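Asks: Turn these sequences into a full structure, and let the hints guide you.
Protein chains: 2
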Amino acid sequence: MKELVAVNGQVMKPEDAKISVFDRGFLFGDAVYEVTRSYGKVFFQFEAHIDRLFRSAEWLKLDLGKTADRIIQEIYSIYKEIGEPNYYMRLQVTRGEGPIGMDPSLAGKPNYVLYFKPFEVPPKEYYTEGVDIAVTERLRNSKRSLDPNIKSGNYLNNVLAFIEGKEFRPYESVMMNSEGFITEGCTSNIQIVQGDTIVMTPDEFDILRGITRSLVEEVANTSGIQIQKRGFTAQELFDADEVFITSSTREIMPVKSANGKKTGKRSTVVRALQEGYKKKIEEYSRWAESHHPWN
Amino acid sequence: MKELVAVNGQVMKPEDAKISVFDRGFLFGDAVYEVTRSYGKVFFQFEAHIDRLFRSAEWLKLDLGKTADRIIQEIYSIYKEIGEPNYYMRLQVTRGEGPIGMDPSLAGKPNYVLYFKPFEVPPKEYYTEGVDIAVTERLRNSKRSLDPNIKSGNYLNNVLAFIEGKEFRPYESVMMNSEGFITEGCTSNIQIVQGDTIVMTPDEFDILRGITRSLVEEVANTSGIQIQKRGFTAQELFDADEVFITSSTREIMPVKSANGKKTGKRSTVVRALQEGYKKKIEEYSRWAESHHPWN
Numbered sequence: 003m004k005e006l007v008a009v010n011g012q013v014m015k016p017e018d019a020k021i022s023v024f025d026r027g028f029l030f031g032d033a034v035y036e037v038t039r040s041y042g043k044v045f046f047q048f049e050a051h052i053d054r055l056f057r058s059a060e061w062l063k064l065d066l067g068k069t070a071d072r073i074i075q076e077i078y079s080i081y082k083e084i085g086e087p088n089y090y091m092r093l094q095v096t097r098g099e100g101p102i103g104m105d106p107s108l109a110g111k112p113n114y115v116l117y118f119k120p121f122e123v124p125p126k127e128y129y130t131e132g133v134d135i136a137v138t139e140r141l142r143n144s145k146r147s148l149d150p151n152i153k154s155g156n157y158l159n160n161v162l163a164f165i166e167g168k169e170f171r172p173y174e175s176v177m178m179n180s181e182g183f184i185t186e187g188c189t190s191n192i193q194i195v196q197g198d199t200i201v202m203t204p205d206e207f208d209i210l211r212g213i214t215r216s217l218v219e220e221v222a223n224t225s226g227i228q229i230q231k232r233g234f235t236a237q238e239l240f241d242a243d244e245v246f247i248t249s250s251t252r253e254i255m256p257v258k259s260a261n262g263k264k265t266g267k268r269s270t271v272v273r274a275l276q277e278g279y280k281k282k283i284e285e286y287s288r289w290a291e292s293h294h295p296w297n
Numbered sequence: 003m004k005e006l007v008a009v010n011g012q013v014m015k016p017e018d019a020k021i022s023v024f025d026r027g028f029l030f031g032d033a034v035y036e037v038t039r040s041y042g043k044v045f046f047q048f049e050a051h052i053d054r055l056f057r058s059a060e061w062l063k064l065d066l067g068k069t070a071d072r073i074i075q076e077i078y079s080i081y082k083e084i085g086e087p088n089y090y091m092r093l094q095v096t097r098g099e100g101p102i103g104m105d106p107s108l109a110g111k112p113n114y115v116l117y118f119k120p121f122e123v124p125p126k127e128y129y130t131e132g133v134d135i136a137v138t139e140r141l142r143n144s145k146r147s148l149d150p151n152i153k154s155g156n157y158l159n160n161v162l163a164f165i166e167g168k169e170f171r172p173y174e175s176v177m178m179n180s181e182g183f184i185t186e187g188c189t190s191n192i193q194i195v196q197g198d199t200i201v202m203t204p205d206e207f208d209i210l211r212g213i214t215r216s217l218v219e220e221v222a223n224t225s226g227i228q229i230q231k232r233g234f235t236a237q238e239l240f241d242a243d244e245v246f247i248t249s250s251t252r253e254i255m256p257v258k259s260a261n262g263k264k265t266g267k268r269s270t271v272v273r274a275l276q277e278g279y280k281k282k283i284e285e286y287s288r289w290a291e292s293h294h295p296w297n
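If you read the protein sequences in the order shown, they are chains H and F. This note's numbering puts the first sequence at residues 3 to 297. This note's numbering puts the second sequence at residues 3 to 297.
Be aware that one or more of the hints could be misleading.
Dumping the calculated SDA-like pairs for lysine to any residue here, alpha-carbon to alpha-carbon at most 20 Å [to be verified]:
1) H:Lys68 to H:Ala50
2) H:Lys145 to F:Gly103
3) H:Lys20 to F:Lys20
4) F:Lys168 to H:Arg146
5) H:Lys168 to F:Lys20
Because the hints were derived from the structure by calculation, they are not lab data. All of these numbers come straight from a predicted model, not from anything done at the bench.
Replies: Now the structure itself:
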């Protein structure tokens with residue numbers, strides 16, 4: 003079975019995977035999730051993803067009812083049966099089912115929905131030539147409304163940004179904050195390069211502090227690339243030497259146009275980061291092979 | 003069958019009602035919904051609710067794939083079989099199922115989930131003595147992020163407000179905007195009365211323009227009660243002569259405390275509105291009996 007779903011540990015075909023219409027994930031988007039991919043046997047940065055799942059849940063006072071180790075163990079116990087070289091993995095945990103109402107205590111125990119499918123590698127030219135993005139006027143959710151650090155089942159803010167950017171047929175759409183600074187993409191972080199310096203949105207902005215974004219910081223630090231954390235505007239993005247997005251499934255991807263206009267063609271810094279990222283994967287895989295629970 | 007669900011027109015017991023885990027309502031909260039109740043045979047303000055469902059869907063570019071008349075017809079065709087005097091009705095329409103991604107065009111056709119249960123009338127003293135609320139610091143979603151007028155499957159902003167107010171064991175929790183004005187409750191609108199004047203949040207604030215709230219305006223206009231539309235603060239709420247919430251299922255309910263402090267004990271205006279609202283129901287029911295499609 004190449005593609006499968008496990009609902010609360012029960013493995014089934016995707017077309018058979020169903021959930022109650024009284025699940026709060028369905029009713030309210032009252033759920034948290036993580037997506038990552040494997041490189042061979044290893045899910046990259048697995049601990050960081052599961053840690054973040056716990057942080058998301060903690061902010062929502064959603065009791066996951068299991069330890070991180072247990073979750074990782076359970077995912078591997080299913081994964082080891084399927085054996086493609088590279089897999090996409092998505093774990094969504096909802097607050098569970100119950101009578102309809104805001105009060106979280108109406109819910110029973112959490113529902114775990116795990117989805118595996120063979121990883122579809124993005125076209126090679128996305129990494130060399132870059133991708134098209136749209137810069138929209140859509141404001142990213144404010145932290146004081148719904149913190150973007152909570153990776154939750156509430157994605158309409160992002161869907162609306164995607165719809166708004168649609169005329170440019172973008173690979174990714176990015177959102178703003180109320181001061182006119184760029185925040186993040188629908189499903190990625192975004193950075194620009196000015197000269198030799200990466201300009202990165204500050205941690206305290208309305209963004210998800212991405213795991214790949216953190217790795218970019220690590221790679222930059224060991225490669226002597228400067229990082230400046232400050233807000234940057236759409237105009238700065240249009241004028242930058244390089245622009246790139248980061249995400250766990252897309253890694254580090256240069257941007258070649260924004261709103262139909264060509265962005266900076268240089269790729270010096272992005273190339274260096276891509277190289278450094280590859281090394282991170284190798285290092286992690288070596289470490290994981292003796293630390294992850296295979297059986 | 004007292005309580006039932008219809009998924010795409012197929013009637014079943016609530017415990018059998020399931021939806022694909024690839025439904026975008028489950029993945030992203032990419033769905034719209036309405037809740038209303040019946041008084042006898044008639045769903046009150048049914049056209050207004052279904053109109054709003056269409057407006058919510060339009061903002062999300064979600065094609066409902068049916069006309070309003072058809073939806074009303076289908077709901078009544080199920081409703082006429084169950085025959086309790088009063089029912090709660092919730093209709094949720096999702097963008098449908100498809101591969102996981104922001105792009106709405108990945109979805110197939112919408113899924114309709116209709117839920118009926120006998121209406122549980124709130125305790126009588128809620129209408130005479132009032133209910134307890136919490137005033138939280140949680141900011142309501144900004145219109146520029148996700149317009150609260152879109153009655154959608156994204157309710158974590160509201161769930162977080164509920165959690166924040168929990169120490170006061172409130173019946174309802176209300177949210178603020180970034181200027182420090184009160185916006186609305188998790189599932190109701192909120193108004194205050196100063197002297198003979200209802201102070202009501204302006205339409206352009208980050209609120210859902212509730213159907214019961216509109217009826218309050220109509221009743222006030224015909225009863226000679228003044229309405230002032232302006233932002234009001236938590237302090238004004240604490241100091242008001244009367245405070246009340248409005249919703250289709252709860253009608254017009256006075257508030258007796260906020261954050262554990264007693265609020266204004268007077269009930270002159272609220273009583274008048276409750277009386278006027280009753281007349282509205284009677285009028286509407288008479289009209290609907292010759293206009294709604296019973297068979």
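Asks: A separate judgement is required for each hint: does it hold in the structure or not?
Replies: Hints, verified against the model:
no.	hint	verdict
1	H:Lys68 to H:Ala50	16 Å, holds
2	H:Lys145 to F:Gly103	23 Å, violated
3	H:Lys20 to F:Lys20	6 Å, holds
4	F:Lys168 to H:Arg146	17 Å, holds
5	H:Lys168 to F:Lys20	32 Å, violated
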